[in-house]
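Read top to bottom, the protein sequences are chains A and B. All residue numbers for the first sequence refer to the numbering used here, where the first residue is 11 and numbers rise by one. All residue numbers for the second sequence refer to the numbering used here, where the first residue is 13 and numbers rise by one.
Hint data in this document are derived by calculation from the structure and do not stem from the laboratory. Keep in mind that this is a model prediction, so the values were computed, not measured. Some hints could be false.
Using 25 Å as the maximum straight-line C-alpha spacing, the simulated DSS-like pairs for lysine-lysine come out as follows [said to hold, decoys possible]:
#, chain 1, residue 1, chain 2, residue 2
1, B, K99, B, K89
2, B, K99, B, K132
3, B, K17, B, K132
4, B, K17, B, K99
5, A, K299, B, K17
6, A, K299, B, K358
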Amino acid sequence: MVGASQSALSNRRVLEIADASGAYCGKLLADMGADVIKLEAPGGAPDRSIPPFLEGVPGDDRSLHFLYTNTSKRGITLDIHHPEGRALFKKLAKTADLIVETLPVGYLDDLGIGYSALSAEHPELVLTSITGFGQNGPRANWKSSDLVAGAVGGPLFVTGDAEAPPVALAGEQNFLMASTCAASSSLIALLSAGRTGRGQHVDISLQETTLAISHISGVGKWLDDGIIPRRVGTALTASVPSGAYACRDGRVYLMVNRPAHWQALAQWIHEETGNEEVLDPLFEGPSSKRIEYRELLDLFISELTALHTVEEIFHEGQRRHIAFTPLQTTAETAADPHLAARDYFIEVDHPKTGKLRYPGAPFRPEITPWRISRPAPEIGQHNEEVFSQELGLSNSELHSLADAGVI
Amino acid sequence: MAGLKVVEFTQGMAGPWIGRMLAWCGAEVIRIESHQVPGVVRLYIPPRSVERVIEPEMSPWFTDWDAGKLFVAINLKAPGGTDLALKLVGRSDLVIENNRFGVMENLGLGWEELHATNEKLIAISSSGFGDTGVHPSYVSWGPNIEAMSGMAWLGGFPEAEGAMTQYAYPDSLSALHGLFAVLCALDYREQTGQGQRISLSQLETTVAMIGPEMMDQMAHQQSPARMGNRSSYRAPQGCYPCAGEDQHCVVSVATQHEWAALCRVIGRPNWADDPRFASGATRQAEADTIDAAIGEWTFGLTPQSAVESLQAAGVPAGVVQNTEDQYLRDPHLAERGYFETIPHLKKGEVVAPGIPLGLQGTPGRTTRAGAAMGEDNESVFRELLNLSADEYNAYVEAGAIELAASPA
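Isolated chain A (complex conformation) (with noise of 0.2 Å):
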């Protein structure tokens, strides 16, 4: 029996050339055990200066964002444009089992270090690109940003008032979630490189892994309805009655979609306000029979949650089998009771910043835990560890590529 502090990815080495677009990427498979190394041009990466920062303080260390999406990884320096510094590169990828990166399209290809020239040497490496608008097609050589990405690939259009102009969502999802696929995609090709001995190149285009995540209201159910879905405030188009509501102290969210749902509501407000028209059969049945009566279904609602606190709404509205959840701020999410019970926010030492508090574990494998088993790496820190240690330079080259800006 094999002990549980095994770790799934051990036994996968990784090497990461990523900005905020493909982090996340490498974040996941070094939490899960991987030996993800992040190369960063001599001087350090630009993501060390987004914000928020810690204390509010600019400083290659204090980049909260930074500091979230590169840790459990090893961190190294390297200039790819230096002959040297593409030698030891491709010395380092012979090394790796898969390559993540989110350059230009044709970038590494044109400093001789793209997919074909390494796997000529290296079959079985998985090399994984995340941009914009993918490797090939009219617009790969666009430029992209977690906004352009959210406007190309459907959430903009949907997302907000209807009076309001389109808006993003909090933080960058887009590449949050162009990341997950692409931790995925590797996967897949490397279970599949295991097999058959070649590996691949890995094509990962923004635009198409929002357009995935956000196809609820996109092109399948405009083709089948002809109704282009547009902005409509907190409602879920498909769902009736569903949105926030407004309670005595705060709002709570609210989601109907089976019939029995429904019902249990229904009887709700009926005990409460004494409504006797909520309990008219025409509104029972899945949640389409109900969508032309929305807004009717909102008044009979408001009246109901205006009775009362989030919490008497959340905890009562449960007892009933119906899904009422509060909306809570990011301070009532930093003290939710539930994820305090299950431990979820983690605290995590950095010899510069100290403890921080981090999110926790993205799901709970039971055998290999989910783990974050280093900080964030400081610039080039682990320089010396990779290249004299494990690749075998001497101290005095080591000092001459430093001299020479390589590293």
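Given chain A, put chain B in place with the hints provided.
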């Protein structure tokens, strides 16, 4: 993933989308359903059909989340139902379930039973709140989790009260994380032969998607600011009105080089060297002035022509595309073959959104759209499980195998 055998006890999207992606990669995915508790996606009334009857296979979401699978119908509460399901589990590598906490255990299909049946099994249980804590059994759908995570409150314009997706975002993000977790477990099993159970709380996965913002909250005991369409490190960045009703484009500038190019394109070449706009930080401070100038320029243009000009000059920009734009006016997506046309038993063929895994060396495909509940009973139970005709009929008579309600 050819050779991988998957059994699903799933609902909605967060579970099924994992199986959908694995099926696209070549896995055999058997979805177990029951007429006793039809999934919400099965309760679909096509908005265009005047007679307003439920048509379980017609939902576009059913295609999106369930295409490529085999569909069997088992009443897990009937005599022999659980045994039959366990027979499928016995020959499988992976079980996916996203039922409410306790449902599988009550049916005699908890991890202990699954593991006893198949000791190399990998199983993932995905639920709103996980299987421990204060309220693991509470009911939730994707949007409930989005509201609870802090993400909804933090999104949108500063003056608004938050923003929520219309696409139950926690369902997709949980499915993608679930897929990754399953693949990690498969990789580990390749080396050790050992399976395991994975538990996923959609609330926890969703909170992880606002990681830096939550760290900011916890380190400083104050709530991060809502950013709208602006960025903390790219300026200018925003969404600008274009000619036509509800037409917009976005612009997102990171470097000095991109800034200079933007100034040329929008007819403000002298701004490129203006000290007011000499760095990202100063442009953040002047964001309102810059946004007004960009908006003046975009206002008379279609979003497509504005974006063509901007991208030609090297400025990151994009059309705020609606579904029609995606399908009819995006030559790039068309050329890459993003949308997949697949056979559908009733409609002939349907268009499904692509599976964005980008596996150029081992491209996947979807063999068919979702079929009726129990459509594949015979081929799965007779051919894959090798039940004799008598055994099969005995399960049918006991009510364990439910026959397809609407033969194709």
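**Prompt:** CA of K99/B to CA of K89/B, is that 25 Å or under?
**Reply:** holds (16 Å)
**Asked** Does K17/B pair with K132/B here, judged by a C-alpha cut-off of 25 Å?
**Response** holds (12 Å)
**Message:** Next pair to validate is K99/B with K132/B; report whether the Cα-Cα distance is within 25 Å.
**Reply:** Status holds; Cα separation ~14 Å.
**Prompt:** Taking only the CA atoms, is the gap from K299/A to K358/B under or equal to 25 Å?
**Reply:** Holds: K299/A and K358/B sit about 23 Å apart, inside 25 Å.
**Message:** Hint check: K17/B vs K99/B, CA-CA at most 25 Å. Holds or violated?
**Reply:** Holds, at roughly 13 Å.
**Message:** Next pair to validate is K299/A with K17/B; report whether the Cα-Cα distance is within 25 Å.
**Reply:** violated (38 Å)
Violated hint for the displayed structure: number 5, the only one.
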